[in-house]
Amino acid sequence: MDSAAPYRAVLDEVGPRLRRLRTDRGLTLTSVCEATGISKSTLSRLESGQRRPNLELLLPLAGLYRVSLDDLVGAPEMGDPRVRLAPRPLPSGGTYLPLSRTPGPLQAYKMIIPDRGGEPDLRTHEGHEWMYVLDGRLRLVLADHDFVLGPGEVAEFSTRVPHWFGSADGRPVEVLSLFGRQGERMHVRARPKAG
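Here the working numbering is used: position 90 in the sequence shown is 90, and no number is missing along the way.
Check the hints yourself; a few may be wrong.
Said to hold, decoys possible - Across the chosen pairs, the derived CB separations fall in these ranges:
| # | residue 1 | residue 2 | range |
| --- | --- | --- | --- |
| 1 | Ala108 | Arg45 | 49 to 59 Å |
| 2 | Ala9 | Pro151 | 16 to 26 Å |
| 3 | Phe157 | Asp70 | 44 to 54 Å |
| 4 | Leu176 | Ala143 | 52 to 62 Å |
| 5 | Thr95 | Thr23 | 25 to 35 Å |
| 6 | Gly127 | Arg171 | 20 to 30 Å |
Said to hold, decoys possible - Listed next, the in silico SDA-like pairs over lysine to any residue satisfying Cα-Cα at most 20 Å (straight line):
| # | residue 1 | residue 2 |
| --- | --- | --- |
| 7 | Lys40 | Arg52 |
| 8 | Lys40 | Tyr65 |
| 9 | Lys40 | Pro53 |
| 10 | Lys110 | Gly170 |
| 11 | Lys110 | Ser100 |
| 12 | Lys40 | Thr23 |
| 13 | Lys110 | Ala86 |
| 14 | Lys40 | Leu58 |
| 15 | Lys110 | Gly152 |
| 16 | Lys110 | Pro98 |
| 17 | Lys40 | Leu64 |
| 18 | Lys40 | Thr28 |
| 19 | Lys110 | Leu64 |
| 20 | Lys110 | Ser177 |
| 21 | Lys110 | Ser92 |
| 22 | Lys110 | Pro53 |
| 23 | Lys110 | Leu58 |
| 24 | Lys110 | His145 |
It should be emphasised that the hints constitute simulated quantities derived from the structure, not laboratory data.
If you're wondering where the values come from, they're calculated on a predicted model, not measured in any experiment.
All C-beta atoms, glycine included, are put in the ideal place defined by N, C-alpha and C.
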């Protein structure tokens with residue numbers, strides 16, 4: 001498949017668009033040439049599609065016609081880049097926000113975990129979890145081990161190990177979590193320190 005084909009189609013429409021802009025504004029080739037410094041033959045070839053547009057030609061024309069380059073070339077619209085987060089309740093209390101936009105082996109979440117009170121109710125399930133504490137203090141129980149993590153601390157564990165987590169001090173905890181359902185481990189790569 002030719003990946004440049006959609007762009008060629010957009011470029012093929014630039015000439016007719018330039019001609020329409022000029023004639024809609026009641027301008028002649030000569031007046032456009034005088035205002036932009038582009039020769040009459042170059043402008044004529046550009047409008048007829050015999051010459052490919054480039055920035056050196058399009059910038060002065062966009063300025064003269066008072067349109068953006070995107071409008072001048074009819075660039076395809078880009079999708080909305082904003083990620084719209086939809087908070088969801090955690091089964092054991094609290095809220096999570098899915099940060100991954102597409103399904104895959106690893107999923108990212110931001111969790112807000114309240115004080116769950118009472119004794120930890122340890123659970124197991126398939127998977128592997130990586131948790132980074134953003135704010136607050138997280139109590140993490142893994143089998144017989146009881147940990148408290150503060151901001152900037154990380155824990156990584158198999159979710160086949162009986163586990164539970166909640167607030168360590170009664171205030172909500174904010175956590176980033178990466179979770180792999182099939183037990184995929186996260187890999188962190190860093191350059192060694194220069195010595």
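Now for the hints, and whether the structure bears them out:
Range check, Ala108 to Arg45: about 51 Å between beta-carbon atoms, so the 49 to 59 Å window is met. At roughly 52 Å, the beta-carbon separation of Ala9 and Pro151 lies outside the given 16 to 26 Å, and the hint is violated. For the pair Phe157 and Asp70, the supplied restraint of 44 to 54 Å holds, since their beta-carbon distance comes to about 48 Å. The supplied range of 52 to 62 Å is broken by Leu176 and Ala143, whose beta-carbon atoms lie about 23 Å from each other.
The hinted range of 25 to 35 Å is not satisfied by Thr95 and Thr23, whose Cβ atoms lie roughly 58 Å apart. Between Gly127 and Arg171 the beta carbons are some 27 Å apart, a value that agrees with the proposed interval 20 to 30 Å. For the given pair, Lys40 sits about 15 Å from Arg52 by alpha-carbon distance, which is consistent with the 20 Å threshold. Of the pairs offered as hints, the one joining Lys40 and Tyr65 holds, with about 17 Å between alpha carbons and a cut-off of 20 Å not exceeded.
Of the pairs offered as hints, the one joining Lys40 and Pro53 holds, with about 15 Å between alpha carbons and a cut-off of 20 Å not exceeded. With a CA separation close to 19 Å, the supplied pair Lys110 and Gly170 stays within the 20 Å bound. For the given pair, Lys110 sits about 10 Å from Ser100 by alpha-carbon distance, which is consistent with the 20 Å threshold. The hinted pair formed by Lys40 and Thr23 meets the criterion: a straight-line CA distance of about 15 Å does not exceed 20 Å.
For the suggested pair Lys110 and Ala86, the alpha carbons sit about 11 Å apart, so the restraint of at most 20 Å is met. Pair hint Lys40 plus Leu58 holds up; C-alpha atoms about 14 Å apart against a cutoff of 20 Å. A distance of roughly 14 Å separates the Cα atoms of Lys110 and Gly152; the hinted pair therefore holds under the 20 Å criterion. With a C-alpha separation of about 7 Å, the suggested pairing of Lys110 with Pro98 holds against the 20 Å cut-off.
Distance restraint check for Lys40 and Leu64: the Cα-Cα separation of roughly 15 Å lies within the 20 Å cut-off, and the hinted pair is therefore satisfied. In summary, the hint linking Lys40 to Thr28 is supported, as the alpha carbons are separated by about 10 Å, within the 20 Å threshold. Straight-line distance between C-alpha atoms of Lys110 and Leu64 comes to about 48 Å, which puts the hinted pair past the 20 Å bound. At most 20 Å may separate the alpha-carbon atoms for a hinted pair to count; Lys110 and Ser177 meet this at roughly 6 Å.
In summary, the hint linking Lys110 to Ser92 is supported, as the alpha carbons are separated by about 15 Å, within the 20 Å threshold. Using a Cα cut-off of 20 Å, the hinted pair Lys110 and Pro53 is violated, with the two alpha carbons roughly 46 Å apart. Our distance criterion of 20 Å between C-alpha atoms is broken by Lys110 and Leu58, whose separation comes to about 45 Å. Simply put, Lys110 and His145 have alpha-carbon atoms about 24 Å apart, too far for the 20 Å limit, and the pair is violated.
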